[in-house]
Amino acid sequence: MRAQFPQRTLLSLALSLLFLSMARATRGCSSSSPQLLSQLQSQANITGDTRLLLEPYILLQELNTPTLRAACREYPVTFPSEDTLRALSKPHFLSTVYTTLGRIQHQLDALRQQSPKTKVFPLLERAKWNVQGIRNNIYCMAHLLNHPLETPNPTEAGSGASPSTTTTPSIFQTKIDNCRFLWGYHSFMGSVGRVFREWKDGSSRSRRHSPRHSLLRAWRKGASRIRPSRSSQSPMSRVQVPW
Amino acid sequence: MAFSVALHPAFLLVVLSLKTSRSEVLGEPFQLTPEILTVSTESKLQQVNLQWTVPNLTHQELKMAFQIEISRINTSNIVWVENYSTTVKWNQLLHWNWKSEIPLECVTHFIRIRAMVDDAKYLPQNSWSNWSSWKEVSVQVSVAPNTLLIFPDNKLLEEGSNVTICLLYGQYLYNVSCMLQKEPIHGEQLDSHVSLIKLNNVVFHSVSGTNIHCKAMNATKMIFGTVLFVSKVLEEPKNFSCETQDFKTLKCSWEPGVDTALVWSQQDSQSYTLYESFSGRRELCDHRNSHNWQITDDSQETYNFTLTTENNLRKRSVNLIFNLTHRVHQKAPHDVTLENIDARKANMTWKVLSRGNNYILLCQIELQHEREVIHEHNVSVHMSASYLFSDLEPDTKYKARVRCADANHFWKWSDWAQKEFCTPEAAPSQALDVWRQVRSENGSYVVTLFWKPLLKSQANGKIVSYNIVVENQDRLSESEHYSVPAPALGTQLSLDPCSYKIHITANNSVGVSPESVMVLSNDSGHEEVHEKRIKGTKDGFHISWEPTSGDALGYVVDWCVHSRDQHCDLQWKNLGPNTTSTNITSGAFKPGVRYNFRIFEKSMQQKAQLLEKQTGYTQELAPLENPEVTINNFTSNSFILSWPSYDSDFQSAFIEGYHVYLKSKEMQCHPKGKRMTLPDYWVLCEYEIKDPEQKAFTVENLRPESHYEFLVTPYTSAGQGPNETFTKVMTPDENSNMLLKIILPMTLCVLLIIIACYWKSQWVKEKCYPDIPNPYKSSILSLIKSKKNAHLIMNVKDCIPDVLEVINKVEGPKTQCIVSGNPHNEDVSMKPPSSVPTEDGSSGSVPFFFFENFTYDQSAFDSGSHGLIPGPLKDTPCQLGLLTPPEKLLNVLEKDYMKSLAESPTEETSLIYVSQLASPMGGDKDSLATNPPMPGHCSEYKMQMAVPGRLPSLALSENNSLTSEILLGQGEQ
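In order, the protein sequence lines correspond to chains A and B.
Going left to right, the first sequence walks through residues 58 to 300 as this note's numbering numbers them.
Going left to right, the second sequence walks through residues 26 to 998 as this note's numbering numbers them.
The following block holds chain B by itself, in its conformation from the complex (with noise of 0.2 Å):
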């Protein structure tokens, strides 16, 4: 029994045994069921984690195939199958993982695996083993009333992936709406409590994260969101290269890319690595676009690196393998330095890092003149080298340069080392393109002499002056020297009338040009040539002449740039021997500007002969102004216009002829005009003068006492001058002429006698009105005559005057006055006293003496009846009342009495005769006015004198002819 029973164990292995070899060697399938051992979750990852084993495997080794299937909320709902192979070993653990793309924490997942054996060595299992029992997948939240719930949380994504949100909503919460940053967004509804929002294509917005937040619309205000972390895209290094230069470090450098940093310690910004397979070295880079790799082993020639950036989401590498030798970054040459410069040439020396005597560099020199490269050369170095630079310009600044890389296997060039220099100056090399311009003064040449600037490369150097050497050609010992200082381009000579030989040089500091020689003749710039129109277009003038002489040196065609201007600007173009047109283009020429060209002929012998005169403009244009007319022979029915030529450089084209506009009413045109009629009976007349030299025009055959209007324009071969306003004229009457011939004698006539009668005029005085009235011929002697009473007229020769004043009259030798002793000072004379009582009272303060007569009785002076004593004196009418009435008499003795007064030195005394009044009237004015004094008193004056003190003596006689002025006036007695 113990016997059986210990053998019935063996048995059964035996046959167990017997019949797995039986499948092995018969190849019968056999199945092995997995067991899922743990299922576990990362719900940061969204990751299932998957762990089984093969029980009952009786193999060391068995490749094996495995099935897992995923369904989502419920076992029927498969949302993944996925099939794994690999090798399985007895007892071993398998692992297998799965990431959702739903948050865990939302939904429930189901989880079963199955397997078939997958091996060679063994028939193939054409069937699956059975399912294993589904294993529940779910992340257990706890949802509070009023609270919303949102994964995945600071999920940290790649820009342009896809993530889905789920809401986890809490009991009393509903109308959830969510916003992704300002945009809403909008989700699906799983259950009553889940609801899923898928984004395609997340963006980057920020570094601190895209921000989702949510906001239930119920009683509770409280905000819940979440932040996605999104990550540019991370990218591949650009450009990775590696170099040495000292073959000690090797420097690596890349271009980076875009940095994928986040804040929130969400992600750094991405690494970089580098790793050598040869060596078998790694480091981590210092700089995020580059690293110096130090050369541990001088023997490695060969350099295999695999530059590798990663961040949190992704991981990049590119690879480089090179050889060292080709990876030489040559050092720039040193000690450059420039030698033996002169004005043409500079030897430029350097050197160079060299690795050994066979190592070669290729060198690439480079000069540069105002950053513009006018030289290249590649040279072979070994250590150090040199280079001539030839052919260069005096008094110019270079930049010389050069480089080198390795001549057997080019990498790259190395940095430039150079060096700047100025070339010394030279002697100028070409001579000055002259010219000159003549002109006759006062019986002497006056020679402008003009030169253009000589071209950097010809002047070589900084010209200081011009030189002028004058021959005189006639005598030959005679020349003059002159020296122009830079930078003038021209000088004036006045020479005398001779033939002359100029030679024209410019100098800078180190020498001369050649010389530039003009020759001058008698008849320079008295050369009389036909002027002929030439016609421009816009871009200049097309010029061409007739050579008149085979052996030209050349031609030379001038012009003035401003011909309008007194400064002219003379331009020149200097042409070969065997030219005969050019084109004369300028930006200065201008529309409407007449160009006068003249082409010179220069001889053998430099000199100038004046071959013709060109004249024309590049475009013609419409007379600007037109001229000022003025009327000559107006009559009453023709006048003549005519105005001034105008100045030819003025012109805006050639002149062609004139128009003459005539307006007029009702008028008849000459039948050489145009006749147009016009509005309101007006008719105009247009005359056509096709002469423009005819500068007068007559209008004929017009109405007198009309009015006309006209106008006179220039017209070119662009049209005529502006229309201005026509000049209004009037035809005079036909009578007008009568008139004048009339008038003028008669006028003359008149004028004649005018002047004859002033030239008479004192004989004419004396005859007619002369200062003292004959009362023989007085009118009122007519008067008198008719009332015959010859007595009624006073015979002065019969009156003793009292007073006597002389007048200053000069009246030829009778006017030298022998009372005044002194016969040329016409101021002397007897003066009325000044202090006359006028006719109101009032008196003068004049000085004056009194003369008693003391022949007369002192009884009728005491009687009042004198007519003057100190004080106010009294009138006398007695004496007035004799021609004239008092009034009269009165202003007429006022008027001479005050230009007495005028005449007088207020200083000089005046003498004064006083009278005695024997008669016994009164003065009384009153009585005066009314009682005019009876003549016949006259007898009892007695004649009285006054002299002068200092007078000796006193002749007084009838015969003395004394022209004397009887006054007896006021105060004057």
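Isolated chain A, as found in the complex (with noise of 0.2 Å):
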């Protein structure tokens, strides 16, 4: 298991470059889409690596058994199944992985105010930027393809208080609880990264087609397609998100 911090610090550096180029963009959105969606789906896929949180939480938490293991991916935290992430609008989606970043972010300082004085605590500390750098890149992707999100601006990482932890009464439970966040984080990432290269795809075909705005017209064609009720207008109604 060793073997495994030197990779972690690969992804790290490269999520590193990665949120440099995010708070590029913070100051000003950028007018490439395909970049824009290149480097979001790379963002989601680095990101949806295990090793970069689950697997030192794990070690550090003395989870390292199989049982224990499996209790963390038994009972994942509910975030938007791959399926339902594919079957949303791109406006949807958008709006729902903007919306869950914005939880895991929370749930993230919570995490890392538990675990003051460990290994993982400075990893915690740069999976919330990270995470902050990827809602910046969504919002703007949104912003670019003329279909604003209904959040006001880009938020600033750190920025705002960070709500109320709850206090479990067992910290056992809350490792278990935690451990399932992290996988659940992770795995949503994996699945944000597929659906993201999907459209990447799916562009690239129709560029071959219309070279010129297809990814636009793509994305008006979803938003002109779905066009949600008032009660589905909000993600909150279509997927379970915990928070």
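Read the hints as simulated data drawn from the structure, not as lab findings.
All clues given are correct.
Distance condition first, Cα-Cα at most 30 Å in a straight line; then the derived DSSO-like pairs of lysine-lysine:
1. A:Lys176 <-> B:Lys207
2. A:Lys174 <-> B:Lys207
3. A:Lys174 <-> B:Lys276
4. B:Lys477 <-> B:Lys627
5. A:Lys174 <-> B:Lys340
6. B:Lys697 <-> B:Lys720
7. B:Lys627 <-> B:Lys557
8. B:Lys263 <-> A:Lys174
9. B:Lys69 <-> A:Lys174
10. B:Lys340 <-> A:Lys176
It should be emphasised that the depicted structure is a prediction, and the values quoted were computed from it without experimental measurement.
Assembling the complex is the task here: the two chains are given apart, and the hints tell you how they should meet.
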């Protein structure tokens, strides 16, 4: 397991590089939707790697037994499943991911506060910023495709007070819950990455027919196809997000 | 009535009071039964808190003893009994607590109490009061169906302690298995829905706790668990001490021990607190291993510190009391300087921080050279001090350092203050150890001088060069100076055969070393002494000698490290005058290598005389190679084997002799040899030559025409040479010598005859087969004669040739060709026409001239009887058929003709005589072959001559003896 640490470091480095570009994105969104889409896919794929957070957490909390590892995956915290995400229209998909990431961000922050002076603390800190970067890119993607999210501005990482964490009586259960959350977080990001890849593949095919603005057309097509009703405007009504 | 009513209570009080007084006075026992007020629990601590009071207590204070009983599950199962004594005040609420090893959630406990007066002021009560009623202690928890509750939850405990885990099963839950991390743990079933797991001597796993998880095997797959936070045992701080450098701050330090922090906010790192009892100050330490305590009261001399460390489970303390003046850690000395440094000494000065006139410091001074302390000294210092380092080495780097401490109350040395310095160079202090090697070459001395480098302590600096002064003792006015730059360790001089005194010194930048002197006499290098063999050991050689004179200045033993190589690497050892033996040891000595030692005696005049030569081996080895043997005097029954001698320096040991092995079939050995029979009827004869100088061996009594094999190998004390392949020889036949005696002279005779014949070949040629055969001498003549037809032979004198070719036949003065008019030009000749049709009708392109014989009838010419006209020449078979058959003649002609062509320059004009053939015979080739012309027509030819235009005249007569050849052939008529 020691060998995983350098790999994790590499992943962290890659994410940090991506984060630099994301920081630029917070100042002004990129005008290239393929580039943004590619970047989002890379971010999601990298973040989906369990070596980034879950494995260090399992090692730190002494959960590295077959039973406890299985427990982490038996009842994962409810994230939108990949099928659900794939079924969403593109505006709803972006909105759902954006909202879910916001909650993930808060949960990561809570987790970070639970683990001071531990090895996972800096990893959680970095993960929180990475999630913030992905959110910014999603915001830009929606804005670029002329369908802004119902969120006023890209949030600044670390700004605002984190919600108070509920005190669980059993630390054991908290460990399991956190483990499940991290498992769900990585799985969710993996699913998001795959959906983004499908977008990319689809836009490539469309570009072969009509190279310009195909993504925008595809987006508008999706948006016009799904004209959400008032009750279904919120992605929360379609997917179960636990926060 | 009212009065009686009023008196009644008063009466009772009096009676009661009297009764009490009587009891006190008389010491009668009385019982005070305690009354439990509350029983509470602290689930996290698994603690039961008991509150009670002693009713009916009339005294202000009374010492009492209480006995408390705790039973588990039912009142009869008493698990704890404890006596508790205290002074009870009137109307006081009493407290007592008890920690259960089993979580209170899991089982019900019961508690009761009784009391007894235990006060010396009163008569001792010899019996307990009545028990209070049992009070039930329980923590109510509800367990949902299919759920498991595990207690205690998030338990904090110390490593090595014991803990009891209790499992509460909900309905429908069964078959539960639990694990501590990866190890299964098993419990004891207390009742149908409670089981206990006892864990003894728990160990620390992780700061994030030790997970215990359980899983039921029935329908539900839920996982249940708890975390034990096992803390490492808090250690007592070690090596706690305090000291001051400036009397303003006390720096206290200690070794903190292991960090007992746990995550999940279960336990922070242990805290450290310093408490000083005289001042009453308490400070939380800012570091876990040190704290700076500000000295606020200058008058306080004694300090009593208590260092306390604590975590959630334990508290530990260490105490330290000291006088401040005894805990002074002096600051490092300052202003360290080194003054007046010369080659042998240097003076160091430094200053110290002093606290007053009476304050004395002890300072330790060290001098280091190459990280090794070479000098150490302690001095007492008040404010500043100095120290003189003496006996220093010139040109050497040193490090001087000093540290100080309180001389009166030594506590600790200060840090070192240090300075590096380098002493200057001085003149070399030691004469060189020199030696020489002398050899004669072309009537002069070649003297190689050697010297050993001076040690650093002798050189006193970097040696720049070596000076050599050679004084001719025979001519004292002559002396030569040489300078050899360092780092050379020798030089070579070529000197005339005289006596010399050689002075050698080493120079550095400061001065010159004492001189080393050697004297060379006329006979140096020519001494002849006996060489003695010595036996070495693996460590070296023991050399001993006999002194020749009693006034020797000393002895020198020299030898070459590499005796086999050109590079000798001369070594020498100087020995004192009274020495007659020495051990020569060297790591360079190798087995099987001969080392030659020479022992010289040095006279008082520094003259070295060769005393002895000794040679030997540290270990003798068997010879590595056999000699190259040559066979001499090889006869049919003997031969001599001979071989060259070895170079002694290349011998791996002293050769003691040779073994000669001779091998053959059915051979008889010489009586001096050893006979050994080998397989296949082979016999091996071994002969031993005990004289190593004998280099030949005669093998005798051999049989002719027999195979023999031999091997010659030397032997030493370590064995003989390698077993190489035998050399094979075969003895010759006995008659072979006879044959040689006959054949050789015969061969010589034949050779002489051949040489003589060659010498007289011209004469033989002329006699036996001249170029122009004499028909009268020809063999054909006999044939003709036999036919009695003398006219068949044509007389040349009778013929009038039509074509003459003058062959450049060089034959003495007769061959001078007058025809050509150029007697020296052998190439100028009457050439046959080049364009001579060959037998097959082709013709060449050699130019030629025609001379028409006008004396002949033109008609005859026109009739086609001419022999040659411009154009293709036709054969004239008339002449060809005279002596030889046409074919042979053609061949002969062609040969000569072609030879002439080859000898003739192509551009040179040929002269061709064209004759008219008077004979009416046609020159048909075919008719030539079948009907040779008859010589009877010869009279019809007339002589014709062709004279080159440039020749003024031509005198041709018979007397001219002109040698010419007459070619009658193709194209030449």
